[in-house]
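> Going down the list, the sequences are from chains A and B. Note that our numbering has the first sequence beginning at 2, numbered continuously upward. Note that our numbering has the second sequence beginning at 114, numbered continuously upward.
I should point out that these hints are in silico values taken from the structure, not numbers from a laboratory. Hints may be right or wrong, so weigh each one.
Listed next, the in silico DMTMM-like pairs over lysine to aspartate or glutamate satisfying Cα-Cα at most 20 Å (straight line) [stated by the list, open to error]:
hint, chain 1, residue 1, chain 2, residue 2
1, B, K166, A, D285
2, A, K223, A, E33
3, A, K240, A, D209
4, B, K177, A, E303
5, A, K223, A, E303
6, A, K223, A, D285
7, A, K113, A, D100
8, A, K372, A, D183
9, B, K177, A, E371
Cβ-to-Cβ under 7 Å is the rule here; a few derived chain B residues that face chain A [claimed, not checked]:
hint, residue
10, R157
11, K166
12, C204
Keep in mind that this is a model prediction, so the values were computed, not measured. In this text, a Cβ means the ideal position worked out from N, Cα and C, and glycines have one as well.
Here is how the chains run, residue by residue.
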Amino acid sequence: MARILFRNALIFEGTCPQLVPGEVLVSGERIEAVGRPGETLPAEGCEIVDVGFATLMPGLINTHAHLTYNNGTTVASLTALPVEEHVLLTMHNAKLALDMGFTAAIGAASAKPRLDIVIRNEINAGKIPGPRLLAGSPELTVTGGLADDNRLGQKHPSISIVCDGPEEFRKTVRMLIREGVDLIKFNNSGDSFCYPRMAAWDNPMTDDEVRAICETANNIGKRLAAHAHADSSVRQCMKYGVEFIFHATFASDETIEQLERVKDRHYVSPAIAARYNTTYEAADWGITTDVAEMIGNKRELEEGIKVMRKMHAAGIRVLPFGDYGFAWLPHGTESRDLEHFVNLFGFAPWEVLRAATAWGGEAWAGQSGEKLGRIETGYLADLIVVDGNPLLDLSLLQDRNALLAIMKGGAFHKRFAGRAVAAEMASI
Amino acid sequence: MAGRIFVCVTCDRAANLQAGQSLGSRIAAKLESAAIAHDISIRRVECLNGCPKPGNAALRDLGKCVIRFHRLEEKDVAGLMEAAELYDRSCDGNLSLSQIPAGLRDKVSTIIPPIYAEPR
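Model the full assembly from the supplied sequences, consistent with the hints where possible.
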C-alpha cells in the first residue's frame with residue numbers, strides 16, 4: 002500500500018478559519034495521520050512530498066454539477082449532440098473538473114438519461130480521470146415546465162423527461178433507478194431560462210406529483226434534488242424530504258425560518274453564477290443586462306442575494322458551484338463561485354471554503370458513512386496543494402497553474418513538482 | 114494584496130491550437146514577464162465569458178467593479194499592466210474610460226459595478 006507523507010504544509014483542514022502548519026500522512030486511499038504543529042510523523046517507507054509551505058487542503062466538491070452540459074446557450078441546446086459525441090464531451094468535462102481541483106461531484110441532472118451513469122462507472126473503475134461522481138437523472142419536469150422544449154407538432158429532445166401525474170413520475174423514477182442513477186432531480190419551479198413560458202416564482206408541480214417522486218426515490222434509498230426557485234417549491238422540498246434545494250431564490254422569510262429549523266436535513270445551492278454571469282457577462286451572446294432584466298434573470302439575482310444572505314445568517318448550509326456548463330459560465334470556471342459568495346453573500350473566505358470542502362463532503366456522503374472533504378484521520382485522501390494562501394486570495398483556485406498537486410483517493414492526478422513562487426524567487 | 118489580472122487562456126476557443134499556444138496563453142506569458150517588475154499577479158483562468166470576441170482579460174477584486182477587456186493582442190500588455198496598477202490603487206475599481214490607457218479604451222467590453230443586496 003502506497004504511503005505518502007506531505008511535509009511543510011500549511012493545512013486548511015476544512016472547518017478551521019486558519020491555516021495550520023503540519024504534516025499529513027496518506028496510506029492507501031485515506032489519510033492515516035495529521036501531524037499538528039511541531040509534530041513529526043514517521044517517514045519510514047513513505048514517499049516524502051515537501052510542499053514548501055504551500056497550502057494543503059481538501060479537494061473541492063461540486064454538489065450541483067452538470068458534467069454533461071455542452072456549454073450551450075439555451076437549455077434546449079444542451080443535448081444537441083449525438084450520444085457518442087456526448088459521452089466523449091462528458092468524459093472531457095470530468096477530466097477538466099479534476100484538473101481544476103474538484104475531487105468529488107454530485108450530478109445535478111444529466112443531459113441524457115445514462116450519461117452520468119456511464120461516466121461515473123468509468124471513473125470508479127479507474128479507466129478515465131474525473132471526480133468521484135454521484136450520477137444524476139435527467140430533469141423530471143411537467144408539460145410546459147422548465148426543460149420541456151417540445152411544441153405541438155415539434156418534438157425537441159431536451160435534458161428532461163416530461164411526466165404528468167403521479168403515476169408517470171413513479172414509473173419514470175423507477176426506470177431511472179433501474180438504469181443506475183444515484184439521485185433524482187425534478188423541476189418544481191420555472192426559471193428565466195424558459196422565458197416566457199414559466200417564471201421562476203411559479204411552481205407547476207402538484208403536491209401529489211412531488212410526493213410520488215419523493216416517496217418512490219426514498220423507498221429505494223435514492224437521493225433527491227429539486228430545481229426550486231419558488232417559495233412553494235422550497236416548502237415542497239421540506240415537506241417531502243428533498244435533500245438538495247437548488248436556487249431557493251424566492252423563499253419567504255417564513256420559509257427561511259422553517260428551513261432553519263430543519264437545516265440539518267437540507268443543502269441549498271443557489272447556483273448564483275447562472276444569475277450573475279447571465280445578467281452581466283452574457284452580452285456577447287445577445288443577453289444584455291436589459292434582456293436579463295426582461296426575462297427575469299436580474300430579479301432572480303437580486304432576490305437570490307437577499308435570500309442567501311438571510312440563509313447564511315441563519316446557519317443554513319448554502320453551497321457554492323452549480324449550473325456551470327453554459328456558454329457564459331463554462332466548465333472549468335466553477336471556482337469563481339467562491340468570489341461570488343464573498344462579494345454577493347458576505348461569506349468570509351474560510352466560510353466559503355468550508356462550504357466547498359467539509360460541507361460538500363457531508364453532502365456527497367449523505368447517509369453512506371463515507372468521510373470526505375476534510376484533512377482528518379480516516380478521511381479519503383482527496384487533496385489539493387495550492388501555491389499560496391487561498392484564505393487571502395481565493396482567486397488562486399481559478400488558476401490551474403496554482404494547483405500544484407491534485408490527489409484523489411491517495412493517487413496523484415497531478416504530482417507536486419515544486420512551487421512556482423520558489424522558482425520565481427530563485428530566478429531573481 | 115497585490116493586484117491581479119485574470120487572463121483567459123482558452124481564447125481563442127474556436128481556433129485550431131495544434132499550431133501552438135493559444136492567444137490567451139501568449140498574452141498571459143507576456144503579462145507574467147512584465148509582472149515581475151510590478152506588484153501584480155497573473156491568474157490564468159479557463160474562461161472570462163467573452164468567447165465570441167477572443168482575447169479576454171479582466172480586472173477583478175473583492176468589493177470592486179469588474180472591468181473586462183476583449184480583442185486584446187500581445188501588444189496590449191503594457192497598457193493592461195498600467196490599468197491593473199490604477200485599478201489596484203483605486204478603492205472601488207471604478208476607473209473612468211479616460212483613466213484607462215488610450216490603446217485599451219475601445220477594448221473595454223464590460224464594466225460591472227459592485228453588487229450588494231444591502232450595505233455591508
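> Let me make sure I understand: some of the numbered hints might not hold for this structure. Which ones are they, in numerical order?
When the structure is compared with the hints, numbers 2, 5, 6, 7, 9, 12 turn out to be violated.
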